[in-house]
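Which chain is which? The protein sequence lines are Y and S, in order.
One gets the working numbering by counting positions in the first sequence from 1 and adding 10 to each.
One gets the working numbering by counting positions in the second sequence from 1 and adding 251 to each.
The set of hints was computed from the structure by calculation and includes no laboratory data.
Only a predicted model underlies this, so the values are computations on that prediction, with no experimental measurement involved.
Hints should not be assumed to be uniformly reliable.
Stated by the list, open to error - Partial list, derived from the structure: chain Y residues whose beta carbon lies under 7 Å from chain S:
| no. | residue |
| --- | --- |
| 1 | Phe34 |
| 2 | Val36 |
| 3 | Asn37 |
| 4 | Tyr46 |
| 5 | Val63 |
Unchecked claim - The calculated lysine to aspartate or glutamate pairs, modelled on EDC-like cross-linking and capped at a C-alpha distance of 16 Å, are:
| no. | chain 1 | residue 1 | chain 2 | residue 2 |
| --- | --- | --- | --- | --- |
| 6 | S | Lys575 | Y | Asp77 |
| 7 | S | Lys640 | Y | Asp67 |
| 8 | S | Lys511 | S | Asp600 |
| 9 | S | Lys575 | Y | Glu72 |
| 10 | S | Lys581 | Y | Asp77 |
| 11 | Y | Lys83 | Y | Glu32 |
| 12 | S | Lys284 | S | Glu296 |
| 13 | S | Lys511 | S | Asp529 |
| 14 | S | Lys451 | S | Asp401 |
| 15 | S | Lys457 | S | Asp529 |
| 16 | S | Lys263 | Y | Asp67 |
| 17 | S | Lys282 | S | Asp292 |
| 18 | S | Lys317 | S | Asp523 |
| 19 | S | Lys254 | Y | Asp77 |
| 20 | Y | Lys51 | Y | Asp67 |
| 21 | S | Lys494 | S | Asp447 |
| 22 | S | Lys511 | S | Glu498 |
| 23 | S | Lys640 | Y | Asp77 |
| 24 | S | Lys263 | Y | Glu72 |
| 25 | S | Lys640 | Y | Glu72 |
| 26 | S | Lys254 | Y | Glu59 |
| 27 | Y | Lys73 | S | Glu258 |
| 28 | S | Lys575 | Y | Glu76 |
| 29 | S | Lys640 | Y | Glu65 |
| 30 | S | Lys254 | Y | Asp67 |
| 31 | S | Lys666 | S | Glu296 |
| 32 | S | Lys500 | S | Glu459 |
Using N, Cα and C, we set each Cβ at its ideal position, and we do this for glycine too.
As a plain string of letters, each chain reads:
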Amino acid sequence: MKIKSNIAVSDSGFIFNPDTGESFTVNPLGASIISYIKEGKSVKDITGELRQVYEIDVNTLEKDTEDFLGLLKNFSLLTDA
Amino acid sequence: MEKQRYERPLIKRMENDMPNKFGMKPENFPKSKIDGVKVSDLIAEHGSPLFVISESTIRNTYRKAKKAFATRYPKVQFAWSYKTNYLDAVCSIYHQEGSWAEVVSGFEYQKAINNGVNGKRIIFNGPDKTEADLEMAIKNGSLIHIDHLDELYTIINLTEKIEQKPRVAIRVNMDTGIYPMWDRFGFNYENGQAWDALNKIMASGKMELMGLHCHIGTFMLSAKAYGVAATKLSDLALGIKAKYGHEIKYIDLGGGFPSKNTLKGSYLPGRDVNPGFDDFAEEISSALLKANFAPDSLPLLILETGRALIDDAGYLLGTVISNKRSSAGKRTTIIDVGVNILFTSYWYDHKVSPAQEFTQFSETTTLYGPLCMNIDVVRDNALLPLLNKGDHFVIHHVGAYNMTQWMQFITLRPKVVMIDPEGKVHVIRDSETMETFSRQESKPEHLKKFEL
Numbered sequence: 011m012k013i014k015s016n017i018a019v020s021d022s023g024f025i026f027n028p029d030t031g032e033s034f035t036v037n038p039l040g041a042s043i044i045s046y047i048k049e050g051k052s053v054k055d056i057t058g059e060l061r062q063v064y065e066i067d068v069n070t071l072e073k074d075t076e077d078f079l080g081l082l083k084n085f086s087l088l089t090d091a
Numbered sequence: 252m253e254k255q256r257y258e259r260p261l262i263k264r265m266e267n268d269m270p271n272k273f274g275m276k277p278e279n280f281p282k283s284k285i286d287g288v289k290v291s292d293l294i295a296e297h298g299s300p301l302f303v304i305s306e307s308t309i310r311n312t313y314r315k316a317k318k319a320f321a322t323r324y325p326k327v328q329f330a331w332s333y334k335t336n337y338l339d340a341v342c343s344i345y346h347q348e349g350s351w352a353e354v355v356s357g358f359e360y361q362k363a364i365n366n367g368v369n370g371k372r373i374i375f376n377g378p379d380k381t382e383a384d385l386e387m388a389i390k391n392g393s394l395i396h397i398d399h400l401d402e403l404y405t406i407i408n409l410t411e412k413i414e415q416k417p418r419v420a421i422r423v424n425m426d427t428g429i430y431p432m433w434d435r436f437g438f439n440y441e442n443g444q445a446w447d448a449l450n451k452i453m454a455s456g457k458m459e460l461m462g463l464h465c466h467i468g469t470f471m472l473s474a475k476a477y478g479v480a481a482t483k484l485s486d487l488a489l490g491i492k493a494k495y496g497h498e499i500k501y502i503d504l505g506g507g508f509p510s511k512n513t514l515k516g517s518y519l520p521g522r523d524v525n526p527g528f529d530d531f532a533e534e535i536s537s538a539l540l541k542a543n544f545a546p547d548s549l550p551l552l553i554l555e556t557g558r559a560l561i562d563d564a565g566y567l568l569g570t571v572i573s574n575k576r577s578s579a580g581k582r583t584t585i586i587d588v589g590v591n592i593l594f595t596s597y598w599y600d601h602k603v604s605p606a607q608e609f610t611q612f613s614e615t616t617t618l619y620g621p622l623c624m625n626i627d628v629v630r631d632n633a634l635l636p637l638l639n640k641g642d643h644f645v646i647h648h649v650g651a652y653n654m655t656q657w658m659q660f661i662t663l664r665p666k667v668v669m670i671d672p673e674g675k676v677h678v679i680r681d682s683e684t685m686e687t688f689s690r691q692e693s694k695p696e697h698l699k700k701f702e703l
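The following block holds chain Y by itself, in its conformation from the complex (with noise of 0.2 Å):
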């Protein structure tokens, strides 16, 4: 998986996607999960991070990830490849 290359993300949690002019906001776990993702990382390396940093159990916290990379994709922020 991977967030589109053109896709702009601020320190603050602003997106702006060129493609569709459209603007998004996201909270900071969603802008730590997203730094991941354009580091490479998996699902799995993801939730292992955010269990180090955050009080919450594996399933809740993988349910919510899956969750959030699936409307990533609906907004057509990220790409399988």
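For chain Y, the structure is supplied; the task is to place chain S on it using the hints.
Relative to the frame of chain Y, chain S by itself:
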């Protein structure tokens, strides 16, 4: 390193719509305590879901309402509407504050008696009063508000065998300029039914005509309608004085004042647009004072408002069961509060507050209850912070009707606790158990055995 509180990842597409000209403040603030008691402690001790009633809020709201009327009109009496919330502890607070009891069935009447209310301070409304109910009410000297002619004739017949003279009023329905007009209860003002009933009462000579009553609607958003009602009842009272030389002791304008809840379909929140006690007091008092009553014979003004007095004092605490997405990608949240215990979710977009701190991020969510029924929707669209499984929340303004109209369906009904002004928590109604139901059911002998 201490781990951070988890908040699920969120992405929102920014919408470039027209700005909201009303500029409403966000409704979301954490409600972690009720009258100084932590929500988490209440749930840990008494379970979830849990109804919580604030005694202080009941007393403060009552005093505010009383003040609104008593500063405008010299003779005011409240009567607590039992059907709105007839938990004994709740009724007793209102009786301590000076409220009479207003009941609409033999069951409620008995509850008022059991609560220690003097029969003369019970107003008996409603279309279904049995002969036994009426006999009891006559003997106790209660104020019987006659709903229909059959009831009137029953009372006349009862006077043949009961010594006491029944103390009665009639319920009057009328056009006050609002829609829908409530005309199923009582006798109509405009078409002469009310006068017909009054003439029958006066001609019989067997009853003491004490007052006139009306109840023009519910969750009334127009205070002016009450002014019209007060004027029409005053006209009847003055007409009786002129025709029979008989003085009406009281005018009872019933209830129907709204709480701060937001009706479904309302664009603005109820807390901002619904009229308050001062608005109603101004209209009603002005109408009565403008009528041609002699200064020394102003009728007592009785008010039976229920919802506006109790709604804000009731909270329903609950817990998030799960977060899901609908087929269309919409966020949905399942909570352990269903429409079976939150009957008023059919009428209102109830305010829901998380019981713990959260960030500024929020998401529009459909709140589903726990029932395996498609109708179990507590809020169609609620803009809420990102609640996690196991998080607690508080539903506001639930004091009216939920603890009387709730039903045992699929799940058992939860506890109700009351927080007193010192912050002490009292269980005022226990949760239901399997024994609650096994006590009432019985199984025929031939059905007791089966093999599967």
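Between Lys511 of chain S and Glu498 of chain S, does the CA-CA distance stay at or below 16 Å?
-> Since the Cα atoms of Lys511 of chain S and Glu498 of chain S sit roughly 38 Å apart, the hinted pair is violated (cutoff 16 Å).
Restraint check for Lys575 of chain S with Glu72 of chain Y, where alpha carbons must lie at most 16 Å apart | 13 Å, holds
Lys254 of chain S and Glu59 of chain Y: Cα distance at most 16 Å?
-> Cα-Cα ~12 Å, so holds.
Quickly compare the C-alpha distance for Lys254 of chain S and Asp67 of chain Y to 16 Å and report which way the hint goes.
-> Judged against 16 Å, a Cα distance of about 12 Å means the pair holds.
Hint validity - Val63 of chain Y Cβ closer than 7 Å to any chain S Cβ | 6 Å, holds
Lys457 of chain S paired with Asp529 of chain S [C-alpha distance capped at 16 Å] | 39 Å, violated
Below or equal to 16 Å on CA atoms is what counts here, so check Lys254 of chain S against Asp77 of chain Y.
-> Distance of about 23 Å is beyond 16 Å: violated.
Decide if the proposed pair is consistent with the structure: Lys666 of chain S and Glu296 of chain S, CA atoms, cutoff 16 Å inclusive.
-> 11 Å, holds
Are Lys494 of chain S and Asp447 of chain S close enough, with their CA atoms no more than 16 Å apart?
-> 13 Å, holds
Holds or violated: are the alpha carbons of Lys73 of chain Y and Glu258 of chain S at most 16 Å from each other?
-> 13 Å, holds
Does the structure keep Lys640 of chain S and Asp67 of chain Y at a Cα separation of 16 Å or less?
-> Satisfied, since the Cα-Cα distance of roughly 11 Å is no more than 16 Å.
Please work out if Lys263 of chain S and Asp67 of chain Y have their alpha carbons no farther apart than 16 Å.
-> 24 Å, violated
Violation of the numbered hints given earlier is confined to hints 4, 15, 16, 18, 19, 20, 22, 24; the remaining hints are satisfied by the structure.
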